[in-house]
Amino acid sequence: MIHDMIAIIDEYWLLLLIGQYPNGPLGGLANTLILSALSIVIAFPFAILLAFARLSSYRALRWPVTVLVYVTRGVPLLMLVLWSYFLVPLLTGADVPSFLTMLATLVVYQGAFLSEIIRAGIVALGQGQMDAARALGHSWFGAMRYVILPQALYNMIPSMLSTFVATIKDTTLGYVINVPDLTFAASQVNNQLLTQPFQVFLILALTYYVICWSLTALTNVVERRITRRRAGLGPRRRGEIALPLTPKVTEQL
Amino acid sequence: MTAPVSNIGNDQTIRLADVRKSYGDYDVLKGIDATVARGEVVVICGPSGSGKSTLIRTVNRLEEINSGSIFFEGQDVHAPMSGRDLNRLRSRIGFVFQSFNLFPHLSAVDNVAMSPIRVKGVPAAEAREKALKLLDRVGLREKAESYPAQLSGGQQQRVAIARALAMEPPVMLFDEPTSALDPEMVGEVLSVMKSLAAEGMTMMCVTHEMGFARDVADRIWFIDGGQIIETATPEDFFKNPKHPRAQRFLADLRH
Ligand SMILES: Nc1ncnc2c1ncn2[C@@H]1O[C@H](COP(=O)(O)OP(=O)(O)OP(=O)(O)O)[C@@H](O)[C@H]1O
Ligand SMILES: [Mg+2]
Numbered sequence: 001m002i003h004d005m006i007a008i009i010d011e012y013w014l015l016l017l018i019g020q021y022p023n024g025p026l027g028g029l030a031n032t033l034i035l036s037a038l039s040i041v042i043a044f045p046f047a048i049l050l051a052f053a054r055l056s057s058y059r060a061l062r063w064p065v066t067v068l069v070y071v072t073r074g075v076p077l078l079m080l081v082l083w084s085y086f087l088v089p090l091l092t093g094a095d096v097p098s099f100l101t102m103l104a105t106l107v108v109y110q111g112a113f114l115s116e117i118i119r120a121g122i123v124a125l126g127q128g129q130m131d132a133a134r135a136l137g138h139s140w141f142g143a144m145r146y147v148i149l150p151q152a153l154y155n156m157i158p159s160m161l162s163t164f165v166a167t168i169k170d171t172t173l174g175y176v177i178n179v180p181d182l183t184f185a186a187s188q189v190n191n192q193l194l195t196q197p198f199q200v201f202l203i204l205a206l207t208y209y210v211i212c213w214s215l216t217a218l219t220n221v222v223e224r225r226i227t228r229r230r231a232g233l234g235p236r237r238r239g240e241i242a243l244p245l246t247p248k249v250t251e252q253l
Numbered sequence: 001m002t003a004p005v006s007n008i009g010n011d012q013t014i015r016l017a018d019v020r021k022s023y024g025d026y027d028v029l030k031g032i033d034a035t036v037a038r039g040e041v042v043v044i045c046g047p048s049g050s051g052k053s054t055l056i057r058t059v060n061r062l063e064e065i066n067s068g069s070i071f072f073e074g075q076d077v078h079a080p081m082s083g084r085d086l087n088r089l090r091s092r093i094g095f096v097f098q099s100f101n102l103f104p105h106l107s108a109v110d111n112v113a114m115s116p117i118r119v120k121g122v123p124a125a126e127a128r129e130k131a132l133k134l135l136d137r138v139g140l141r142e143k144a145e146s147y148p149a150q151l152s153g154g155q156q157q158r159v160a161i162a163r164a165l166a167m168e169p170p171v172m173l174f175d176e177p178t179s180a181l182d183p184e185m186v187g188e189v190l191s192v193m194k195s196l197a198a199e200g201m202t203m204m205c206v207t208h209e210m211g212f213a214r215d216v217a218d219r220i221w222f223i224d225g226g227q228i229i230e231t232a233t234p235e236d237f238f239k240n241p242k243h244p245r246a247q248r249f250l251a252d253l254r255h
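So the sequence lines, in the order shown, correspond to chains U and Z.
Everything in the first sequence is counted per UniProt numbering, starting at 1 for the first residue and increasing by one.
Everything in the second sequence is counted per UniProt numbering, starting at 1 for the first residue and increasing by one.
Isolated chain U (complex conformation) (with noise of 0.2 Å):
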């Protein structure tokens, strides 16, 4: 059992590694995590702009936002995935390759569950913070800029991490749109192989386990450093973002 699957990591790396690439699209584990990464670094931008809309006093910006967050939230992902596949031709006429269709769908899946960390963050701040920076001069999108998201994001750095590695998992869901990820290469694999199922699919998940469970421990690592932080332990140098703290006493109207 364990010399059938070395020996299949021994034929099959590569293909596990980076799909058909060069002789074809990029794949295997190379393209999971270009995925994933894109798809966060795309994905947090807009989900920094779904929460502002979310926290808008604009009723037009507020309302179509909420309910794409809703929707979003509240629709199983591969749902999202295969709207995306048989919708985009569709609509655009334009022939989308599954890569993007992907990426396209966990950037909207993740922005809609990022924005809601996004917004719980800055609200946990409390209305004084806010406060104090307009009674200086500064303008909202200054106040949100150097007061309010330094503390919010940095808080929800762990929350972040947790999403990516959500995100890490949610791209397997590709497989039904031929996107040629990890898994799409593992069960290239397991078609040639026919007779070794098993052996191929616990590599797969192996794989996954390892990728997710090392950066859930970063995830915890981090999470426990801002908690001390947070209790205003720790060395601290000047330059490095500090510790994030909502005031003691809140504002009493």
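Honestly, the hints are just simulated from the structure, not real lab data.
Don't be surprised by glycine CBs; every beta carbon is placed ideally from N, CA and C.
Residues from chain Z shown here face chain U by an in silico Cβ test under 8 Å; the list is partial:
#, residue
1, N60
2, L62
3, G83
4, N87
5, R88
6, F95
7, F97
8, S99
9, N101
10, F103
11, P104
12, H105
13, M114
14, S115
15, R118
16, V119
Now the in silico label distances, taken between C-beta atoms and shown as ranges:
#, chain 1, residue 1, chain 2, residue 2, range
17, Z, K30, U, Q127, 22 to 28 Å
18, Z, G139, U, Y70, 49 to 55 Å
19, U, K169, Z, K120, 47 to 53 Å
20, Z, G83, U, A217, 43 to 49 Å
21, U, R224, Z, G74, 53 to 59 Å
22, Z, G139, U, R145, 29 to 35 Å
23, Z, G139, U, A124, 28 to 34 Å
24, Z, N240, U, A124, 48 to 54 Å
25, Z, G49, U, R228, 36 to 42 Å
26, U, R145, Z, T233, 41 to 47 Å
27, Z, R38, U, V222, 49 to 55 Å
28, U, M79, Z, E129, 55 to 61 Å
Partial selection, computed: residues in chain Z whose CB lies under 8 Å from chain U:
#, residue
29, R90
30, S91
31, M167
We have chain U already, so just place chain Z with the ligands on it with the hints.
Positioned in the frame of chain U, the structure of chain Z with the ligands alone reads:
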């Protein structure tokens, strides 16, 4: 859009004219008429819920009003104006909060220097140098690199005062600056405020520190039920308050 600067000799820094505000059906401010002269120190006191915080927050438009007007150096604070004009106006009115509201992710010196840099475009080195001077003035030079969580309440409030002063406002507003402090820290904050008053700063202070009011205030506004029901010098106010509710308020405070 700037209202014409037409105020009588311009010695009235702040003028409130029939200011009204309500939350839904509830009238918080029921027609406030008052002025604060240049260099004057006004102490606002009154029972809890009487509208003191609301009143002082309308002066720099942290709260909107329903009717009436508020003039700051002749400019109508609540007139329609661009965001940029409002920000510029606010940057000229220092505000100190009950809960300090220091920026916890910034060191003391950065708390003080940040807004001059980001709002006024002062070069960072210059802003920092000035921030250190201001921290020195509030007695916290050696805490410049400390973060708010490492400071006591009294120290945080003194940094907050320095932060407001960094914008060089001609007026400072205080909303119960010592109410969230342990008793032993009240004095250090009040003495900073006293020294500001001594330097001629125009100040509006909501506070229940009657010792401060007696020593420093030029006038006391007693507010109850959303109205200023008595305006008097500290001497008159403490010796013979005219309004029965002011009498009861003072009697309660002495207990
Ligand atoms: N956002 C709000 N919505 C509804 N009611 C409010 C709001 N803010 C204040 N109020 C009400 O307005 C009244 C005046 O509040 P305000 O905070 O101005 O009183 P205050 O004199 O500062 O009291 P305190 O001494 O407790 O600080 C209170 O009855 C309060 O409940
Ligand atoms: Mg109050």
